[in-house]
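Number of protein chains: 2
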Amino acid sequence: MLDLAIIGGGPAGLTAGLYATRGGLKNVVMYEMGLPGGQITQSSEIENYPGFEKVLTGMELMEPWPKQCMRFGLKHELAEVKNVSKMDENFQVTLANGDKVLAKNIIVCTGSTPKRAGIKGEDEFYGKGVSNCATCDGFFYKDKEVSVLGGGDTALEEALYLANICKKVYLIHRRDSFRASPHTVKRVMENDKIELVLNSTVKEIYGDESGVNGSIVVDKDGNERDIKAPGFFIFVGMNVNNGVLKQEDGSFLCKVNEWGEVIVDLKMRTDVEGLFAAGDIRIEAPKQVVCAAGDGAVAALSVIERENH
Amino acid sequence: MLDLAIIGGGPAGLTAGLYATRGGLKNVVMYEMGLPGGQITQSSEIENYPGFEKVLTGMELMEPWPKQCMRFGLKHELAEVKNVSKMDENFQVTLANGDKVLAKNIIVCTGSTPKRAGIKGEDEFYGKGVSNCATCDGFFYKDKEVSVLGGGDTALEEALYLANICKKVYLIHRRDSFRASPHTVKRVMENDKIELVLNSTVKEIYGDESGVNGSIVVDKDGNERDIKAPGFFIFVGMNVNNGVLKQEDGSFLCKVNEWGEVIVDLKMRTDVEGLFAAGDIRIEAPKQVVCAAGDGAVAALSVIERENH
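Chain order of the listed sequences is A and B. For the first sequence, the residue numbers in the numbering used here are 202 to 510. For the second sequence, the residue numbers in the numbering used here are 202 to 510.
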């Protein structure tokens, strides 16, 4: 029986493991099927994780974390978790190989993954001009031009965020109207830094070794336009990685919102006793390393509090 | 008119400033009457701020923060804030010198300060064996003995936390019963690692250059006892630094709980539009650097969202 199973080994999971083991929990396993570190390791530049004067790559930032977080007894199991379910007072973790493990507490830190748009050049230039996060990467395009792809609330809010920083924002959307809330649409319309590029799809994002140089956009009549903006932000939806919480009957083990994000309180507690969530999988997650790490610490301290209670 | 005034320059305030200015807010001032960094700079060892393999001092940890956080335009004003009040749609910040500044948004990051017990040796050995935080410093006494002073919920919960890590916990309390919740008292009573030292006060905490060696405890009959534990944890209450939120009529500018901690949601919003709180001043704060920093980022992103709305 584990005291705690942590599902996912990004900043939230690693920090949860650090705080749990350093706080005296004995049997703590972090399940992560890849190298610990999370999706931030794919990022080429990070300058907003507090504590570092110079800009780091994601790999540089995360390199010390596993050693630091695992030196108090956290075990990393290189395994994929298929499912978490209730088993009397405890939880049963089912691995992809069929193994089943019991745990008294669970912290789910499986994050969320931006949906890909499927555009030529998207993968090639990911982290080198193509981004899914204005908060993270917008500043690198200060006083430069950027493109934003998408038509929902997130795309428009991120376009407004970018308009505060960048010289110009091309908002590219395949339809002639937006799915976003009317108020947000109005703010976008009023913003003279945002140019709407409607009824249009992106044929290609192009660039060279230094990164993105621009994109070729095609309107509904087939006319091509070359938008020479070195930043290309894609907001076509998120996959919340909540699969492990799906039960046989299709329901979720705990309450989630309409997008599948796990509902937590300030202590990272879900509505199920002993089940916690931390990082990008939870509601209102700002999707920043420092916030995910803070969440992990909070969740682990809540587990310890529960065990002492 | 400031876009944002940040009150307090610890991890929460600095990170809020980083995210606010990097996100494009133009007029952002952080009021901090001392050197930025916060109370963590007094700590002699930190090993749970994620990202560093080796143990750091508080000064080492915080040294890069001001430069990193201020390079996007955050201004530090070396001034004491006396009061924040509403002024029509905005806020008025009154400084100790009488100056008044208007701001559209406020993030309060003034933290909380542990009450001192007033014991001989307490100040001398603060950070060298005397601590106010089991989560921070408990692990340094793994398999060693520690003393805990206090009789409230926090003292007992911290004693339970320490009992998971340490060989033995002496729980010193001046009365013969505890003010804590009955369930917590029961858990403490049942824990065979915790020895109750009741009806007792501490005459002195003693040690040498290497830190605390023990303390002299006096019972109600005047008998002295030498408790040779190298860790001494003091939990005799917290001062929540909410003075700037106090209004002329004695009320607070926003909702606070029974201890004076500011009530926030997951976005660090108070019940007053445009007023946010981050770090140790808020409810349920785990009082950890990484959590305070995460709060600061969240609060700043909430300000930007509000300004874009």
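Among these hints, one or two may not hold up.
Copies of one chain are not kept apart here, so a pair can be met inside one copy or by any two copies together.
[Unchecked claim] DSS-like mimics (lysine-lysine), calculated; alpha carbons at most 25 Å apart, straight line:
{"#": "1", "residue 1": "Lys316", "residue 2": "Lys404"}
{"#": "2", "residue 1": "Lys468", "residue 2": "Lys456"}
{"#": "3", "residue 1": "Lys305", "residue 2": "Lys394"}
{"#": "4", "residue 1": "Lys268", "residue 2": "Lys321"}
{"#": "5", "residue 1": "Lys404", "residue 2": "Lys369"}
To be clear, the hints were calculated from the coordinates, so they are not data collected in a lab.
Check your understanding: Failing hints, ascending?
Key -> Failing hint: just 4.
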